[in-house]
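The residues making up each chain are set out below.
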Amino acid sequence: MVLFRKFVARKRTRKYIIMRVGLFIPCYVDALFPQVGVATYRLLKKLKVDVVYPEHQTCCGQPMANGGFQRMSGHLAERFEKNFKEFDYVVIPSVSCAAFVRVNYPQILDHECKTPKKAIELVEFLHDVLKVKELPGSFPHVVSVHNSCHGVRELLLSAPSEENIPPYNKILDLLNLKEGITVKEPERKDECCGFGGMFAVEEPQVSTRMGTDKVQRHMATGAEVITGSDSSCLMHMQGIANKKKYPIKFMHVAEILAADCNILKGDI
Amino acid sequence: MSTYHSKRAAEFLKDPEKVTRHDQTFWSLRQKRDDRAHELPEWEDLREHSSQIKAHTATHLADYIDQFTENLKKNGVIVHFAKDAQEFNEIAYGILEDHNVRKLVKSKSMLTEECQLNPYLIKRGINVVETDLGERILQLMHLRPAHIVMPAIHLTREEIGKMFEEKGISKEIGNYDPTYLTRCGRENLRNDFMDADAGMTGCNFGIAATGDCVVCTNEGNADMSTSLPKLHIVAMGIEKVIPDYASLAVFHRLLSRSGTGQPSTAFTSHFRKPRPGGEMHVILVDNGRSNMIANPEHWQTLKCIRCGACMNTCPVYRRSGGYSYSYFIPGPIGVDLGMIHDPKKYSGNVSACSLCLSCDCVCPAKVEPGSQIYRWRQSLEKYGTENKEKMVMAEGMKAVYENYHVYDALLRNSPIANHIPESLADIKLNPWSIGHTMPHFAQKSFHAIFKQAMDELKKGKK
Chain A
1 MVLFRKFVAR KRTRKYIIMR VGLFIPCYVD ALFPQVGVAT YRLLKKLKVD
51 VVYPEHQTCC GQPMANGGFQ RMSGHLAERF EKNFKEFDYV VIPSVSCAAF
101 VRVNYPQILD HECKTPKKAI ELVEFLHDVL KVKELPGSFP HVVSVHNSCH
151 GVRELLLSAP SEENIPPYNK ILDLLNLKEG ITVKEPERKD ECCGFGGMFA
201 VEEPQVSTRM GTDKVQRHMA TGAEVITGSD SSCLMHMQGI ANKKKYPIKF
251 MHVAEILAAD CNILKGDI
Chain B
1001 MSTYHSKRAA EFLKDPEKVT RHDQTFWSLR QKRDDRAHEL PEWEDLREHS
1051 SQIKAHTATH LADYIDQFTE NLKKNGVIVH FAKDAQEFNE IAYGILEDHN
1101 VRKLVKSKSM LTEECQLNPY LIKRGINVVE TDLGERILQL MHLRPAHIVM
1151 PAIHLTREEI GKMFEEKGIS KEIGNYDPTY LTRCGRENLR NDFMDADAGM
1201 TGCNFGIAAT GDCVVCTNEG NADMSTSLPK LHIVAMGIEK VIPDYASLAV
1251 FHRLLSRSGT GQPSTAFTSH FRKPRPGGEM HVILVDNGRS NMIANPEHWQ
1301 TLKCIRCGAC MNTCPVYRRS GGYSYSYFIP GPIGVDLGMI HDPKKYSGNV
1351 SACSLCLSCD CVCPAKVEPG SQIYRWRQSL EKYGTENKEK MVMAEGMKAV
1401 YENYHVYDAL LRNSPIANHI PESLADIKLN PWSIGHTMPH FAQKSFHAIF
1451 KQAMDELKKG KK
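Protein chains in written order, with my numbering: chain A, 1 to 268; chain B, 1001 to 1462.
Among the hints, erroneous ones may be present.
To be verified - Pairs of lysine-lysine residues, derived as DSS-like cross-links and limited to a Cα-Cα distance of at most 30 Å, are as follows: (1) LYS1458/B / LYS45/A; (2) LYS1014/B / LYS46/A; (3) LYS45/A / LYS1366/B; (4) LYS243/A / LYS1458/B; (5) LYS243/A / LYS1459/B; (6) LYS1014/B / LYS249/A; (7) LYS1366/B / LYS117/A; (8) LYS244/A / LYS189/A.
As the list claims (entries may be wrong) - Taking CB as the label site, the calculated pair distances span: (9) GLY1174/B / VAL142/A: 43 to 53 Å; (10) TYR168/A / ARG1275/B: 52 to 62 Å; (11) ASN1403/B / GLU112/A: 21 to 31 Å; (12) ARG1375/B / PRO54/A: 56 to 66 Å; (13) ALA159/A / ALA1055/B: 36 to 46 Å; (14) VAL142/A / LEU1143/B: 22 to 32 Å; (15) ASP1342/B / ASN176/A: 32 to 42 Å; (16) ALA1209/B / ASN176/A: 51 to 61 Å; (17) ASN176/A / LYS1167/B: 51 to 61 Å.
Treat the hints as calculated values from the structure; they're not laboratory data.
No residue lacks a Cβ here, since even glycine has one placed at the ideal position from N, Cα and C.
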């Protein structure tokens, strides 16, 4: 009996030791969409991931760099590297931030850095690392998936519609695990919504038109909810939908995946 | 906050229906391109192959130009080199003057647009007639191209029909049927072909191994321009030289599939020799191209084969139109080429990109126009053309994000901002409010929620 207990204990500890997972909650998710952070954390806990949320994190540096001021992102990249280099994975529930760390950090930091290889977007982590094949809980709604550009073309969460490669979509795969869900994609499934960070304030008319077109195509699917793995695209479309008083809801993929799951003890 | 492009785009967007039509026209080209791309299982290999051929050629350009020139000369073609636009115009005019040319028929060439050849020649008394239907329409309307492959596609048939009526090209008043109008345009051009003294074409590919100048068109106007007049002048950028027929096979399969969604252009003409009793001249133009090779961040721009696919797929181009860009080539590649040409003058186009990178994925030569725009943005400060307000915004963000305690304090107080009435946020100074309501700050940030939960957990355990 003692042996068995030891065996179980070891197995358990090993499971926890194998993967050291850090959680990065991007600045705008922290400030505007904390429920996305909460859902991500709960989901990871539910999937028995030993997830750590290091204190004193703010921003990855993407907004300045996309605006043309990459030189201002250096300190933030250094801090990110310091905060997360010891982890095996840095899970980020935001595709553009994850893509920024992975694609742009190597050229921003003038020394070798570990986090670009460790940064992983939430959907990627669930789909490729944990290889989640089932999820508890149901979500009996019609959702339209927003394939964010950097998710498609930098992280390859789905096959870019431009390329002649076999079609796949990791977001769809995961959402379809929820009982009762109906998952749709809009016409022009991976056309940009027009957020683009500072692009939205520098080219407000073009950005608004792109967003309006996108929201309308999502709504044309008959969806009740527009979902995606980047809250910044969703924030942009939500702002437009609110202004135009369109009857449509927005939810991050993490919120749907974590919906209707029992909350564990020690959870947030 | 406004840039050249954003201001012009705002004007274009004032007519939402026109934008819808423009967007759908170009999106349908993108769809046709996708259909063609998906017909070829080797599509992605072709793109990679073409990119490698272009990289190879660019890094051995002098050798290939030598070989090309040698073969041209062997075939009896007279070769000229022009270091810039001025020299090109002078050489072209010199040839025409030597032959007492009064009328020149031109097949489509973006290089002559780049060098502003037409006004140069017209000023010197030469009658220049564009023979590509789109270019002809623009010439008659005194407009510049709004796209590199379909230069007049932004115009409606009514607009064209009315102009044809005014010019006496169309006799049936009120008939705006595209086929009818095309026939009118064609008939009208026939006379110009008949009495032209010289023909000028561009060149899509110059084959070093043989000296062929390959021109791809859909209207056969390049062939008309060269079969009637005895004098043929080819205007080409030095980057158009490719090694051999095997390379041509790769590019030819990509060019029209990417640009217009056709498996091939209707005409692919190889011009190699002067016609019996005639003369053929080739003018190779540098105009900044050789400097591109030495640019470590942007040499890839030289790989461009001018198919126009990046424009068709660009969500910003489709919704802002070709005239919103200050450089004569619009869209993603136009932003890049403008910056290479004169960064100070053309910085106002760099904002025209949401960094969606769709252009990177359609580009048949893997120029990665979108990724290059990102890099150009980083260099605006160097040229003193960065957006000052945007820089202040970025500085502010940097200051907050770099100091966690400031960040934390701001977030704790940010819900107050939610009480600002929407009408107050809806001011001109706030570009976000043009199309959006303000985002709502959470009562508690994630990090505050997390900290509280962990504190409670610790207490519970004790």
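- Task: With a cut-off of 30 Å on the C-alpha distance, tell me whether LYS243/A and LYS1458/B pass.
- Result: 44 Å, violated
- Message: Between the beta carbons of ASN1403/B and GLU112/A, is the distance compatible with 21 to 31 Å?
- Response: The hint (21 to 31 Å, Cβ to Cβ) holds, given that ASN1403/B and GLU112/A are roughly 27 Å apart.
- CB of VAL142/A to CB of LEU1143/B, is that within 22 to 32 Å? 46 Å, violated
- Pairwise hint evaluation, LYS117/A against LYS1366/B, where the allowed Cα distance is 30 Å at most: 24 Å, holds
- Query: Given the hinted pair LYS1014/B and LYS46/A, is their alpha-carbon gap at most 30 Å?
  - Reply: 50 Å, violated
- Does the alpha-carbon distance linking LYS244/A and LYS189/A stay inside the 30 Å limit? 22 Å, holds
- Using the C-beta atoms of ASN176/A and LYS1167/B, is the stated range 51 to 61 Å upheld? 60 Å, holds
- Message: With the threshold set at 30 Å, check whether the alpha-carbon distance from LYS45/A to LYS1366/B stays at or below it.
- Response: 42 Å, violated
- Restraint status (C-alpha distance of LYS1458/B to LYS45/A at most 30 Å): Distance of about 17 Å is within 30 Å: holds.
- Outcome of range test on Cβ distance (GLY1174/B, VAL142/A; 43 to 53 Å): Since GLY1174/B and VAL142/A have Cβ atoms about 48 Å apart, the given range 43 to 53 Å holds.
- Is the hinted pair LYS243/A and LYS1459/B satisfied, with a Cα-Cα distance of at most 30 Å? 44 Å, violated
- ASP1342/B and ASN176/A, beta-carbon distance inside 32 to 42 Å? 52 Å, violated
The earlier numbered hints that this structure contradicts are 2, 3, 4, 5, 12, 13, 14 and 15.
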